[in-house]
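Asker: Spelled out from the first residue to the last, the chains are:
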Amino acid sequence: MLKVDNLRLGFTAGKKTLAAVDGISFSIDKGETFALLGESGCGKSATAQGIMRLLPAAGRILEGRVALEGEPLLSLSEADMRAYRGGRMAMIFQEPATSLNPVLTVGRQIGEVLERHLNLRGNAATERMVDLLRQVGIADPERRLTEYPFQLSGGMKQRVMIAIALAGEPELLIADEPTTALDVTVQAQILDLLAKIQVDRGMGMLLITHDLGVVARMAHRIGVMYAGELVEVASREEFFTQPRHPYTQALFEALPEISRRGLKLTTIPGQVPSLAAMPSGCRFADRCAHVMAVCREVSPPWREVANGHTVRCHWQGEAAEESATRHAVTELDIDPGKAFLQVGDLKVHFPIRKGFLQRTVGHVRAVDGVSLAISAGRTLALVGESGCGKTTVGKALLQLIQPTAGSVKLGGSELVGLKGRRLRDARRHMQMIFQDPFASLNPRLRVGEIIAEGMGALGVETDSTARAAAVAALLQQVGLASEAIDRYPHEFSGGQRQRIAIARALAVQPELLICDEPTSALDVSVQAQILNLLKKLQAELGVAYLFITHNFAVVEYLAHDVAVMYLGRIVEQGRAEEILRLPRHPYTQALLSAVPAPHLDGHAEVIRLPGETPSPANPPSGCHFHPRCPQAMDVCRLNYPTVTGVSGTHTVSCHLVG
Amino acid sequence: MMGFQVVVLWSDILIWLLVAAGVGVGVLIAKTPPLLAAWRRVGANRVGMASATVLLAFILIGLLDSLHYRAQLESKPGQKAVYAIEVLSVLDALAAPLRSRNEKTYSAPFATRLYAKETIDLPGQGTVRDYPRLKHGGKHLGEREDEVAEDAAFTAFKAGVLAFIGWLGVFAAVATVNRKKSPKLKLREAAFAWDAVLLTLLLILVFAVPLFWLSGYYHVFGTDKVGQDVLYQILKSVRTGLIIGLVTTLVMLPMAVLLGIVAGYFRGWVDDLIQYIYTVLNSIPGVLLIAAAVLMMQVVIDTNPQWFSTAAERADLRLLALCFILGITSWTGLCRLLRGETLKLRELEYIQAAQAFGVSSWRIIVRHILPNLMHIVIIALVMDFSGLVLAEAVLSYVGIGVDPTMTSFGTMINNARMELGREPVVWWSLVAAFSAMFILVLAANLFADAVRDAFDPRAA
Ligand SMILES: Nc1ncnc2c1ncn2[C@@H]1O[C@H](COP(=O)(O)OP(=O)(O)O)[C@@H](O)[C@H]1O
Ligand code: SF4
Ligand code: SF4
Ligand SMILES: [Mg+2]
Chain A
1 MLKVDNLRLG FTAGKKTLAA VDGISFSIDK GETFALLGES GCGKSATAQG IMRLLPAAGR
61 ILEGRVALEG EPLLSLSEAD MRAYRGGRMA MIFQEPATSL NPVLTVGRQI GEVLERHLNL
121 RGNAATERMV DLLRQVGIAD PERRLTEYPF QLSGGMKQRV MIAIALAGEP ELLIADEPTT
181 ALDVTVQAQI LDLLAKIQVD RGMGMLLITH DLGVVARMAH RIGVMYAGEL VEVASREEFF
241 TQPRHPYTQA LFEALPEISR RGLKLTTIPG QVPSLAAMPS GCRFADRCAH VMAVCREVSP
301 PWREVANGHT VRCHWQGEAA EESATRHAVT ELDIDPGKAF LQVGDLKVHF PIRKGFLQRT
361 VGHVRAVDGV SLAISAGRTL ALVGESGCGK TTVGKALLQL IQPTAGSVKL GGSELVGLKG
421 RRLRDARRHM QMIFQDPFAS LNPRLRVGEI IAEGMGALGV ETDSTARAAA VAALLQQVGL
481 ASEAIDRYPH EFSGGQRQRI AIARALAVQP ELLICDEPTS ALDVSVQAQI LNLLKKLQAE
541 LGVAYLFITH NFAVVEYLAH DVAVMYLGRI VEQGRAEEIL RLPRHPYTQA LLSAVPAPHL
601 DGHAEVIRLP GETPSPANPP SGCHFHPRCP QAMDVCRLNY PTVTGVSGTH TVSCHLVG
Chain S
1 MMGFQVVVLW SDILIWLLVA AGVGVGVLIA KTPPLLAAWR RVGANRVGMA SATVLLAFIL
61 IGLLDSLHYR AQLESKPGQK AVYAIEVLSV LDALAAPLRS RNEKTYSAPF ATRLYAKETI
121 DLPGQGTVRD YPRLKHGGKH LGEREDEVAE DAAFTAFKAG VLAFIGWLGV FAAVATVNRK
181 KSPKLKLREA AFAWDAVLLT LLLILVFAVP LFWLSGYYHV FGTDKVGQDV LYQILKSVRT
241 GLIIGLVTTL VMLPMAVLLG IVAGYFRGWV DDLIQYIYTV LNSIPGVLLI AAAVLMMQVV
301 IDTNPQWFST AAERADLRLL ALCFILGITS WTGLCRLLRG ETLKLRELEY IQAAQAFGVS
361 SWRIIVRHIL PNLMHIVIIA LVMDFSGLVL AEAVLSYVGI GVDPTMTSFG TMINNARMEL
421 GREPVVWWSL VAAFSAMFIL VLAANLFADA VRDAFDPRAA
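Keeping their order, the protein sequence lines are chains A and S. So in my numbering, spot 297 of the first sequence is number 297, and the numbers just go up one at a time. So in my numbering, spot 329 of the second sequence is number 329, and the numbers just go up one at a time.
Since the hints were made in silico from the structure, they are not lab data. Keep in mind that this is a model prediction, so the values were computed, not measured. Heads up, the beta-carbon is just placed ideally off N, CA and C, and yes, glycines get one too. You can take every hint at face value.
As a list, the in silico EDC-like pairs of lysine to aspartate or glutamate whose alpha-carbon atoms are at most 16 Å apart: (1) A:Lys354 / S:Asp272; (2) A:Lys30 / A:Glu169; (3) A:Lys409 / A:Asp425; (4) S:Lys31 / A:Asp486; (5) S:Lys31 / A:Glu449; (6) A:Lys196 / A:Glu169; (7) S:Lys104 / S:Glu118; (8) A:Lys409 / A:Asp345; (9) A:Lys264 / A:Glu540; (10) S:Lys344 / A:Asp436; (11) A:Lys3 / A:Asp29; (12) A:Lys30 / A:Glu171.
Negatives, chain A to chain S, calculated, CB over 10 Å: (13) Met1; (14) Glu39; (15) Gly86; (16) Arg108; (17) Asn123; (18) Asp200; (19) Gly262; (20) Arg296; (21) Ile352; (22) Thr360; (23) Gly369; (24) Ala373; (25) Gln402; (26) Lys536; (27) Glu578; (28) Ala632.
The task is simple: from the sequences and hints, build the whole structure.
Answerer: This is the structure in structure tokens:
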């Protein structure tokens, strides 16, 4: 149905045009989902925008053909193209928050498409809109039609986006990372919805993603992109059983998984070449484990290895053999010993102020009675969906946010309420690594200054030569060259920046590192490098980690203990094995089953949660989870369940248990 | 050689301090790669560099006009030296012919005769009413009064050719330096927009050299009511405009930056207070506020004549006071902008990382917040400049601007407007003042656009 042939797209920078997508060809049949998989910046979005002819101002279509049902799209006039966009082909974007117009009601935005492409107006249009909203699973659609986007939650916005996309009854749906910005339980809902709609309507779908789990859940065929080129195209079965391109294989091996616990993850060395310096031979050559002389000279041609499975690689071998570098990096059983950080009934309530006099009209209970214990050298994973208060816990531990109540005891001494010098002394023991490596380094300071900042503030290494030596040693420890000292953050990639952030935190020799989703902004292969580094540092220095994340694969790979948070409270806590193998709380069970697994099997019994996390400003009565809990009972609506011990180390807050 | 006494006016000090600060900031920028990269982008912008060249020409005039002295009066040897009451500047000395060759009253550009009829005594013919010959304008022509056009065109052509030859010299110098630095690159492809600078320089030279050459023989822009050369007034207005544009920002900047950052960073009651102040200030019409302040200041100045030894000093202080008042009333916009940006910055993770180390608030502000606001400050400074030059014109027009004895675009326009009703119309003062101001403001605006484009993080 859709045929893309040798498409080349470029972006102009100054007087030069650099090809971001360099000659890719693929086709999508009716009712088929073709997944375009690749790391950020490889040109996936540009391809989608090129097909829709929606490239940003700097973008140019350099060459190639795109045909929908045999009709060439690239030679159409802009006016004709507009009839295609939203009509015969539609697109959904990554960020539901910014892809809806905030000043128009939902009804107006869907109505526009209906009027433009189906010539529907008035009552007929309203009926159709209600119908569409119902199809995408929005309850009470009549009311929603008159609402504005800010009145909808993230998942609902994405549903509305899908409704708008479906309004023109497209034959082809392009979904650019449609669930990346959503929580796992909501992601599961949206993926189900997309899969169902596609089957019902027999649409073709181009699904753009970097998540192998999503691919396994959705795709019929998969195209792997690297540095602007397609390198492998295979059917779902072939792709997951016999990936042939070294890059694809490396992507699989970089995944953190429970089976790799205690082992070093395989990483892909080096970085994607920049657009300006693309090698003439195979673009993966500098990072490939199987590189040969011919690879650097001749760009590999397409080669068919099985029916419908093609690959661009000179190397004819099969799967990668288990490499010798995969040795164990950490002890799995570190003695829990005595906890050195003890958090008791920690609460952080943010006042909601309203009106002219800024009166407090209520509280957002971001953290509402959290108790934790962390012992030296171990990793406690704090898991939960966005907005449940994970980051707030981390910041309250560091006293970056003043806790409303509760205690944080570090080695027996209380931190809450400390001021001035004594607080500063305490800060030496705990540091934080943030989620976004682009926002966590001051762009105006050199790397050396950034790393030395903590030493200066806390009075570690006051002598300047000793400090320079310490900075150099830290850089080496996190795997960066010592020239980095005099460079600025913008010269580094996301993974390298995260290493700098880690070095900065380590500079004051803390015993506890609070890692706030340190890999969620990174690609899988880079994530593997950072996880390896964190494990290595733990083995060498014995630091404990409070690892805040929503990614269960990372938890499985790395954590010794797990605490699951829902709406400001911990609902289940215990050793990683206990929580992951035998989760007792319905929420933990649902979370675990909602994670799309990057395998062919593994979509057996899936628990689907309805709705989304309610607002912590006014949590449901009784068990916070009862409106979404598949096993809710009458008592759940009335009383919050008490903490019940399942084993010596495993506790659950649920009426079902105990 | 006559002696002289150096006079340093307050505004001179400020202007030269600004020059020094400019050089200092330049050195600092050269050491900060991100800022340097942004200025490189400005340097690569053709329109930006062309307007910068024009601005530099204006600044040069302003600086020449900011070196003041009092000339020594003739006195007998042995007596104590006495200095003239009149304070002159280097520009006045250079343009001495322009300054001193006054006519009686209005005369049109390139005129040889006055604009008003007078009763003249002609020897042998009794008295007639006629347009009298000018004392200076076109004097060298003698009887050939009807040859003004030919004479002026020929002189202009001579000067133009000379200017062109001079420009060729500059061009050759730039080209050789460029060749030496990067032999393969043509001037057109150099990273710095040399082509635009040279072209603008050519335009300026080809326009200015003939103009000044001719001004030795004619009043090229005519004369005003008291017979003063309009070209000279324009030259003097430049300094006033520059001081208003630059010194005002100097007053406003520390206030806007400090209050904006403090409000955004500390939040709480400090933020409420600062927001309250600028909301109140913003809701009073600025002109009224300025008018009230200027009138009060005038009273103070008039009741204390003993403070000033010369009229120039009085006018100068009044100018500075005006800058101060303008500064006080115009910090709110930038302050609001900086507060908003600080609010965003303080939530950024590198600030929180610093807080986690216990870095003190002031150090966080100086090290992490201020440098990341610099681009906004620079953009606001350049954008405000032209607005302030225009504001001066408007204020002087309604009579609450600079001292009436001080030449500025505003006072020129104000004086000229009275004559618009005259028949035939006296248009040249107004046109000249407007054109000069237009060129200055346009250049400033174009330069501001280039700076904004280069510093805007979204564009980079
Ligand atoms: N507006 C733009 N201007 C210049 N370059 C761009 C622009 N958008 C994307 N690029 C470049 O094009 C390449 C592909 O980007 P994109 O398609 O967004 O990647 P992906 O979707 O795989 O993350 C990247 O190298 C990116 O830097
Ligand atoms: S062509 Fe060579 S370098 Fe490229 S992926 Fe294949 S083996 Fe590796
Ligand atoms: S207490 Fe009730 S509602 Fe809450 S999780 Fe358990 S069963 Fe579900
Ligand atoms: Mg993308």
